[in-house]
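Listed in order, the protein sequences are those of chains A and B. All residue numbers for the first sequence refer to the numbering used here, where the first residue is 1 and numbers rise by one. All residue numbers for the second sequence refer to the numbering used here, where the first residue is 1 and numbers rise by one.
Just so you know, nobody snuck in bad clues.
Under 7 Å between C-beta atoms, here's a sample of chain A residues computed to sit facing chain B: (1) Asp60; (2) Thr90; (3) Asp93.
Hints listed in this document are in silico derivations from the structure and should not be mistaken for laboratory results. Ideal Cβ placement from N, Cα and C applies to all residues, glycine included.
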Amino acid sequence: MKRVALIGMPNTGKSTLFNRISGASVKVGNWPGVTVDLHSVKTILNGELVELIDLPGIYDLKGYSEDEIVVQDFLKNNQIDQIFYILNSTQIDRQIELAMDLKKMNPSIKIIANMIDEAKAYGITFDFDKLQALLGCPVIPISAKHNQGLDQLNKKISLRNASDPSKNDLKRIINQTVFFPKTLNNKTTKKLDAIFLNPVFGLPIFLFVIFTVFQFVFTVGQPLQDLMASFFTYLEQTFINNLLLNMNVTLKSFLMEGLYAGITTVAAFIPIIILFFFIMTIIEDSGYFSRAAFLMDKVMEKMGLDGRAFVMMLMGFGCNVPALMGTKIMRTKEIRFLTMLVIPFSLCSARLQVFLFIISAFFAATQGAIVLFCLYLLSFFSIFITAVIFKNKYRSHEPLVLELPPYRFPTTKQILIRGWQEVKHFIDRASKFIIIGVIAIWALTHFPEGLEVASADTYAGQIGNLFEPIFSPLGIEQMLIIALIFGFIAKEILIGAFAVIFGLEGIALSAHLGEVFNAGQAISFMIFTLIYTPCLSTIATLKNESKDRLLTFISITWSLMLAWLLSFAFYQLYLIV
Amino acid sequence: MTLKQLLVGQSGVIKTLTNNTQFNDRLKALGVKKDNIVEIIRQAKFDGPFHLKIGTTEFMLRSDIAAQIDIEIITPKAA
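With the hints as extra help, turn the sequences into a complete structure.
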């Protein structure tokens, strides 16, 4: 089968075109000489069945960025029959050069002039017949977003072979065939920029947008998560329990509290991820994302990060998992890794639930609000200190030049496809790790056999005992250490873990906690909970997105260390005062 | 003069780029190359990045890089 490589610069609508062609039938696979997985699809092009491979967006062929190396390695190590070079029609004058560089490597190239609708709206006109004759390769105007002209990709076009134009020729050719108006018709973008990039109001507007996003994700997501939870409970009570009726108790416990709990943990993230990426797609594709990056860049630069890291960090305050997944738009490995290292310190909604429960058990309303506010401050502080400490290890050597594309609104189809793709990606990559983790914790709290679940003599209790000398200076006792072990899976289950450990629920549990622990212990426990590993899903995502064991290791150990240090500092101070 | 010295709303013709060839390749891909005209649309607060325009492409560039790019100012006509 013939192979066709889809190549183009960033922001040319390459993924939109690939998604149009592939629909849902994408294959993810390894290619010789390339370290990352590439998407490919079997489809009819030029009237025959071919394999179309989607390569990462690149600026040039000499480049040194991760993506550019991937493309270079791919082209070096794989036989390619044809190149589809996609460009943004409105920027054809600067993007055509790369096409000619590629043409030298592989003369069988088709140029796809995408976003032709936008170019027309700008008032740019083209003489495509003349252009393709002068370039010696087909140039096909399309709009991938609006599904226009895609049938032309299927046509065989034969042209007389023209000699490769030099760079100066190229300029002349573009001048003869592409006609730019004196002033571009881009009033909308200009007007919106005047608002969104306003020196005074730009940032407040951005924070308001993010706040609205959170509100949306959680007002819509929470009921969906609850619905999902009741569905799983229903399934358990009506079907599974009957099925397991006569089963050995331990095996049943393994299946339900280990395996089934693992699956439901994965499932709980699905609504949030879908909703997050619906919104992310809108923010990203609209071009607003790079505007936010523009506003925050100066502050973030001091921390060794950039404006995009700020946006992902804020997303992390909703949920760390999609925020980590979202870092893939940052194409520089170092900045991406540093961002991944700081995101887990963002106080996510799951931790917020735990804090609200504990705070209500120990503090009056006004006091509680102050405690919560301080936890948010601590979250920012942890992000800051982590970035400052690790910014030399993950120092980027690439200049930050970020395109500020015109404002666009993605189509519903684009939004839906993205949400679906990200969920699939999460399930493919993270589910195994999460389920194994949940089973491991199940084993620790249920063995040796015959003991009460999560009691002092179980393996979890023994670990708690073992670590007690380390945790007692923090005011965290054996029972709370067991809770922290549970908290490793997900923060949402911490409260459930308390219930299991103390055998109480709801108000009785919160009253009991208030009796056995003092306020200092409660705060110390919350500080530790805030900073140590957020949850198994976060670790799984960080590991799979970065594909870097060292980073995963650093993330876990550093957060444990920092959690210990800050809890220690707080609790000792508390004891003195 | 350098690109950084241009004021918002002013344009200049690019003369020389930075002395880092790798940087320059990336800049060229965005249209930052000799003889092209660059316009400063705005700058973020506290010496933040510049919002620049070359042809139909708009992008942001940090001010330390802008300080390394030499340009020749285009004086506005009928000033």
